[in-house]
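Asker: Now for the letters of each chain:
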Amino acid sequence: MEHILKLALTKAEEAEVFNLTDEEIPVEFESNRLKNIQSKQSTVIALRIIKNGRIGYAVTTDIEDSEKLVDMAVETAEFGMQAKYSLPPVQDYLPVQTYDPEIEGVTIEKMANLGQEMVDAVTKASPEIICDAGVSRHSASVTILNSNGLEAKCRSSLFGLGIGGTLVRGTDMLFVGDGQSSSRPILKTEEIIQNVLCQLEWAKEQAVIETKTMPVVFTPHGVESALIAPLASAFNGKMVLEGASPLKDKLGEQIFDSSFSLIDDATRDYQASSAPFDDEGIATRVTPLVNQGVAANFYYDLHTAALAGTQSTGNGNRSGGSLPGPGINALIIEPGKVTFEEMLADIKEGILVEHLMGAGQGNILGGEFSGNVLLGYKIENGKITGRVKNTMVYGNVYELLKNLTAIGSDSRWVSGSLNTPSIYCHSIAVSSK
Amino acid sequence: MPHIEEIAQNLKKLINNTDADYVEARLESNQSSRLSYRGRELETVAETTSTGGNIRVLYKGGWGFSSFNRFDKLETALARAREGARLAGNSQSNISFVEPVTLKGPLPEYDPRLISLKDKKELLDSYNQIMWQSAPLNTSFIGYGDSYKQTLFINTEGSFIDQSRADINLRISAVAGKNGDVQQSGISLGSTGDFEQLKGLENDVKEIADKAVALLKAPRAKGGEYTVVLDPILAGVFTHEAFGHLSEADFVYENERMREIMTLGKVFGWDKLNIVDSGIMPGLRGSYLYDDEGVATQKTYLIKEGKLVGRLHSRETAAAMGEKPSGNARTISYRHQPIVRMTNTYIEPGETTFEDMLSDIKEGIYVKNWYGGTTSMEMFTFSGGEAYMIRNGQVAELLKPVVLTGNLFTTLKNIDAIGNDLTMNQGGGCGKGGQSPLPVSNGSPHIRIQQCLIGGS
Numbered sequence: 001m002e003h004i005l006k007l008a009l010t011k012a013e014e015a016e017v018f019n020l021t022d023e024e025i026p027v028e029f030e031s032n033r034l035k036n037i038q039s040k041q042s043t044v045i046a047l048r049i050i051k052n053g054r055i056g057y058a059v060t061t062d063i064e065d066s067e068k069l070v071d072m073a074v075e076t077a078e079f080g081m082q083a084k085y086s087l088p089p090v091q092d093y094l095p096v097q098t099y100d101p102e103i104e105g106v107t108i109e110k111m112a113n114l115g116q117e118m119v120d121a122v123t124k125a126s127p128e129i130i131c132d133a134g135v136s137r138h139s140a141s142v143t144i145l146n147s148n149g150l151e152a153k154c155r156s157s158l159f160g161l162g163i164g165g166t167l168v169r170g171t172d173m174l175f176v177g178d179g180q181s182s183s184r185p186i187l188k189t190e191e192i193i194q195n196v197l198c199q200l201e202w203a204k205e206q207a208v209i210e211t212k213t214m215p216v217v218f219t220p221h222g223v224e225s226a227l228i229a230p231l232a233s234a235f236n237g238k239m240v241l242e243g244a245s246p247l248k249d250k251l252g253e254q255i256f257d258s259s260f261s262l263i264d265d266a267t268r269d270y271q272a273s274s275a276p277f278d279d280e281g282i283a284t285r286v287t288p289l290v291n292q293g294v295a296a297n298f299y300y301d302l303h304t305a306a307l308a309g310t311q312s313t314g315n316g317n318r319s320g321g322s323l324p325g326p327g328i329n330a331l332i333i334e335p336g337k338v339t340f341e342e343m344l345a346d347i348k349e350g351i352l353v354e355h356l357m358g359a360g361q362g363n364i365l366g367g368e369f370s371g372n373v374l375l376g377y378k379i380e381n382g383k384i385t386g387r388v389k390n391t392m393v394y395g396n397v398y399e400l401l402k403n404l405t406a407i408g409s410d411s412r413w414v415s416g417s418l419n420t421p422s423i424y425c426h427s428i429a430v431s432s433k
Numbered sequence: 001m002p003h004i005e006e007i008a009q010n011l012k013k014l015i016n017n018t019d020a021d022y023v024e025a026r027l028e029s030n031q032s033s034r035l036s037y038r039g040r041e042l043e044t045v046a047e048t049t050s051t052g053g054n055i056r057v058l059y060k061g062g063w064g065f066s067s068f069n070r071f072d073k074l075e076t077a078l079a080r081a082r083e084g085a086r087l088a089g090n091s092q093s094n095i096s097f098v099e100p101v102t103l104k105g106p107l108p109e110y111d112p113r114l115i116s117l118k119d120k121k122e123l124l125d126s127y128n129q130i131m132w133q134s135a136p137l138n139t140s141f142i143g144y145g146d147s148y149k150q151t152l153f154i155n156t157e158g159s160f161i162d163q164s165r166a167d168i169n170l171r172i173s174a175v176a177g178k179n180g181d182v183q184q185s186g187i188s189l190g191s192t193g194d195f196e197q198l199k200g201l202e203n204d205v206k207e208i209a210d211k212a213v214a215l216l217k218a219p220r221a222k223g224g225e226y227t228v229v230l231d232p233i234l235a236g237v238f239t240h241e242a243f244g245h246l247s248e249a250d251f252v253y254e255n256e257r258m259r260e261i262m263t264l265g266k267v268f269g270w271d272k273l274n275i276v277d278s279g280i281m282p283g284l285r286g287s288y289l290y291d292d293e294g295v296a297t298q299k300t301y302l303i304k305e306g307k308l309v310g311r312l313h314s315r316e317t318a319a320a321m322g323e324k325p326s327g328n329a330r331t332i333s334y335r336h337q338p339i340v341r342m343t344n345t346y347i348e349p350g351e352t353t354f355e356d357m358l359s360d361i362k363e364g365i366y367v368k369n370w371y372g373g374t375t376s377m378e379m380f381t382f383s384g385g386e387a388y389m390i391r392n393g394q395v396a397e398l399l400k401p402v403v404l405t406g407n408l409f410t411t412l413k414n415i416d417a418i419g420n421d422l423t424m425n426q427g428g429g430c431g432k433g434g435q436s437p438l439p440v441s442n443g444s445p446h447i448r449i450q451q452c453l454i455g456g457s
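So the protein lines, in turn, are chains A and B. Numbering follows this note's numbering, in which position 28 of the first sequence is assigned residue number 28; successive positions increment by one, without gaps. Numbering follows this note's numbering, in which position 86 of the second sequence is assigned residue number 86; successive positions increment by one, without gaps.
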């Protein structure tokens with residue numbers, strides 16, 4: 001990597017080499033049986049240069065051919081955007097734990113057993129269900145070198161468990177599922193199994209619902225499917241800079257109910273998306289986005305921060321091998337004090353949303369969510385009475401979080417990058433047929 | 001770059017030397033470029049080269065798969081795939097027979113690598129300028145990508161297939177905002193590497209900028225059931241999302257209940273409804289000669305005269321269902337295994353003109369353009385880029401974009417008019433099983449659907 005940096009510096013003012021090497025072993029079950037076992041190895045190198053004040057960028061999988069890589073970067077620099085920033089100098093990083101060597105000791109046989117355990121437990125409870133399940137372990141190492149002396153290295157591990165089941169009756173289809181991930185091996189399947197069995201139990205009966213405005217509780221999965229995409233884009237420094245975020249001039253203002261706090265935090269030990277530095281080598285940190293309902297910060301990468309006249313928040317993200325842009329590390333919605341049971345008990349007629357399908361397709365920038373309830377249940381007099389179908393839930397995140405009724409105490413990680421409790425709102429538009 | 005032809009020769013010897021039931025290997029070499037704009041500024045110009053491969057082993061019904069982009073440890077890669085298959089295999093291997101093929105396919109007609117970055121940038125610059133001159137926007141986005149990819153496929157049955165393909169895609173969208181409301185409008189198109197097809201969009205670009213601003217003033221549709229008319233772009237997305245995915249046999253073949261739902265001969269719609277998936281249409285992004293399992297592509301009727309008559313297969317799903325493989329096993333890159341995918345999917349044209357389709361609608365919604373769509377097989381939801389009220393047989397006022405949702409089976413039966421104006425849409429791409437975006441195209445004439453649920457306030 002040093003030689004690429006050296007070679008690039010013969011042609012450019014500044015240079016940065018990013019190297020990601022990873023190995024992944026997914027063990028997959030299809031239709032209730034072990035179906036395939038994979039082993040994936042990959043290495044990718046990205047070169048960013050600043051030449052004549054412009055950014056050049058090239059990516060390759062071929063680590064031998066550094067000349068070609070440098071040539072491509074130089075070619076793109078002729079047309080690249082103006083560099084408004086310098087590559088970062090050496091940083092102090094928090095000691096975030098991202099690697100557990102024990103992950104290497106989990107054998108493929110053990111992974112297959114974990115998958116089988118989940119499949120067996122779910123099919124035992126519901127003999128006609130067809131399950132797909134996956135158990136995977138992943139280890140990666142990232143190295144970033146730049147011409148300002150930065151040298152960042154991080155090794156990380158990731159273990160994931162998940163199961164999804166489809167139950168077909170006539171042309172009616174029910175989808176259930178849950179999963180967990182961590183930097184450490186997850187060797188217990190009980191929680192995932194319990195969650196899936198609970199979904200199956202609640203969905204046993206079908207319930208009819210009218211088209212009207214009613215109380216809605218979003219479970220942690222429901223929050224993820226309905227509310228997160230609009231929030232993640234509204235706090236994205238780039239959206240703010242472009243004026244596309246409805247929050248662009250709202251920092252310091254009360255935008256949501258005072259019970260709502262949201263942070264971005266990549267520093268928790270062994271969390272799936274934790275890392276001491278971002279994809280540009282900037283130290284990660286805890287960034288409050290909403291503090292008791294008040295818009296507190298937006299999140300930035302180097303480039304966007306420079307344009308906005310602020311500092312990177314350690315959110316430089318290179319998804320899909322592209323140039324870094326602002327990206328979420330891990331969103332955490334602070335839990336409230338109301339239990340899930342208390343929320344249900346408060347509702348005479350309403351719905352519990354577990355998965356809203358297609359909610360991210362609407363006008364996300366405007367905060368809108370509108371989706372079909374793929375998995376959700378009717379609440380009657382505080383009790384879940386069955387599954388609702390052919391039902392759409394429509395709302396706007398800004399209105400919803402301003403008028404929310406309660407935040408649950410039942411926080412959990414629903415994906416590697418979101419920790420949230422249930423959220424209860426007393427009036428949301430529901431249409432059904 | 002490593003020479004994949006040489007590596008293929010080594011791999012050929014290697015894979016023929018195992019005790020597995022079947023082994024195949026793929027090698028791939030890909031060159032791509034990307035330009036993107038946000039707002040007035042050019043944001044990314046990037047070039048990528050990537051070379052990699054994979055080996056897939058079948059043993060006693062279990063698959064082992066190993067992917068790599070270092071070529072110095074092919075034996076290890078094979079051993080890992082072999083070991084995976086051994087651990088997963090516990091029954092009998094069953095893949096349908098196909099004749100071995102030796103082929104060096106024709107080179108693509110167009111090669112986007114020959115277009116200079118300067119030319120690409122000039123065209124996109126001009127579109128960006130038009131957008132910003134047309135209307136007061138908050139921001140805009142232009143994403144351009146092209147690729148040129150060579151793939152080699154070999155297997156233990158003696159196939160050796162060398163194919164190359166070129167692909168271009170372009171998405172342009174304009175974003176306008178006022179008083180916290182943000183609206184966007186966009187176009188999306190693609191080609192099999194022909195850069196010329198991206199030229200001449202000046203009017204379209206102006207239109208999307210104007211449309212984004214107009215949407216701010218547009219009222220919102222009241223949620224509920226409507227008679228809706230879909231334009232060819234959105235009807236194509238509907239066909240792909242709602243029905244196309246359901247006809248992918250991997251959703252069906254190991255699920256008795258799903259097989260019952262998808263029994264061939266079953267009535268799915270009225271007798272004028274014909275739905276086709278065809279990988280042999282020249283010049284479309286979803287077309288190719290052989291799929292990633294070495295099976296020739298074909299034209300497959302999925303629905304003929306309202307009845308289910310076919311589905312899309314890999315070699316494994318075809319064998320399991322006792323049907324013929326259809327050449328639909330595709331992979332997005334060497335990092336992934338081939339899975340059952342669509343090619344170019346469309347509703348065949350009927351006889352109704354657009355005017356006749358509208359004429360007896362008292363109050364309905366006309367939905368145009370594509371924004372996104374997803375399906376859970378039974379239920380689908382998809383979003384239009386723009387919508388209009390239909391009043392007394394006429395297209396009336398502009399509405400804010402709507403999300404349509406429904407049950408596939410009832411919705412297909414509720415199609416009661418099919419236009420005479422089939423148009424194929426080359427924009428976007430398809431995602432499934434973590435593999436996205438795969439080049440496909442879809443199309444339809446205008447269609448009318450009764451009692452379609454629209455989300456709204």
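By construction, these hints were calculated from the structure, which means they are not laboratory data. A few of these clues could be false.
[Claimed, not checked] Below, computed lysine to aspartate or glutamate pairings styled on DMTMM-like, alpha-carbon distance capped at 25 Å:
1) B:K432 with A:D346
2) B:K178 with B:E207
3) B:K121 with A:E78
Since the structure is predicted, the reported quantities are computational estimates derived from the model, not experimental observations.
Asker: Each hint: holds or not?
Answerer: Here is what the structure says about each hint:
The straight-line distance between the Cα atoms of K432 of chain B and D346 of chain A is roughly 40 Å, outside the 25 Å bound, and the hint therefore fails. For the hint linking K178 of chain B to E207 of chain B, the alpha-carbon distance of about 19 Å falls within 25 Å, and the restraint holds. Proximity of K121 of chain B to E78 of chain A is assessed by CA-CA distance (about 11 Å); at most 25 Å being required, the pair is judged to hold.
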